[in-house]
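A.B. asks: When you get a sec, could you build the whole thing from the sequences and use the hints?
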Amino acid sequence: MKLSNSILTLFFTTAIFLSCGSEKKKEESQEIKINSPAETQKKVDENIANVVISGDDLMKFDKKEIIVKSGQKVKLTLRHIGKLDIKVMGHNVVILKQDVNVTTFAASASTASDNQYIPKDSDDIIAHTDLIGGGQTTSIEFDAPEAGEYTFICSFPGHYAMMQGKFIVE
Numbered sequence: 001m002k003l004s005n006s007i008l009t010l011f012f013t014t015a016i017f018l019s020c021g022s023e024k025k026k027e028e029s030q031e032i033k034i035n036s037p038a039e040t041q042k043k044v045d046e047n048i049a050n051v052v053i054s055g056d057d058l059m060k061f062d063k064k065e066i067i068v069k070s071g072q073k074v075k076l077t078l079r080h081i082g083k084l085d086i087k088v089m090g091h092n093v094v095i096l097k098q099d100v101n102v103t104t105f106a107a108s109a110s111t112a113s114d115n116q117y118i119p120k121d122s123d124d125i126i127a128h129t130d131l132i133g134g135g136q137t138t139s140i141e142f143d144a145p146e147a148g149e150y151t152f153i154c155s156f157p158g159h160y161a162m163m164q165g166k167f168i169v170e
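What the sequence shown shows, in the UniProt record's numbering, is residues 1 to 170, in sequence order.
Possibly wrong hints are sitting among the right ones.
To be verified - 30 Å max Cα-Cα, derived DSS-like pairs, lysine-lysine:
1. Lys73 - Lys97
2. Lys166 - Lys64
3. Lys166 - Lys60
Calculated directly from the structure, the hints in this document are not laboratory data.
C.D. replies: Structure follows, in structure tokens:
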């Protein structure tokens, strides 16, 4: 019986002590507001569309569709998640203007090895990343064009057939 009374007394004393202390902690936590790095970054970047796309050694992008808003700043990051060298399995992302014939553009790009398979003086491109090999990453920033549907491809010879998608601007 003495043990039960001692346990009950200890329980109630602890409960009273904790309830008094938690009020003070609640007041303190309401006074101090610290934003996490993610929250701070989100506020800074809310006008930037951060797009990450990956390419692999099987000639595939992990995205077939990218959606952004017209006039929005776009940060496009390409990650080559494969292991093969740039000379064997290089990838880039090329966003083409509307109504560009993809096959014709790709044929022209395939002869531009000295310029990372980007045809010199081409008026068909909105934006493009650098050509990268396995394990590498590259980023570009540009302003999204007017609303519409655009095609993006990898311009490394022969890749465009499998590595393409839609860049949709709302």
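A.B. asks: What hint numbers does the structure not satisfy?
C.D. replies: Result: no hint breaks.
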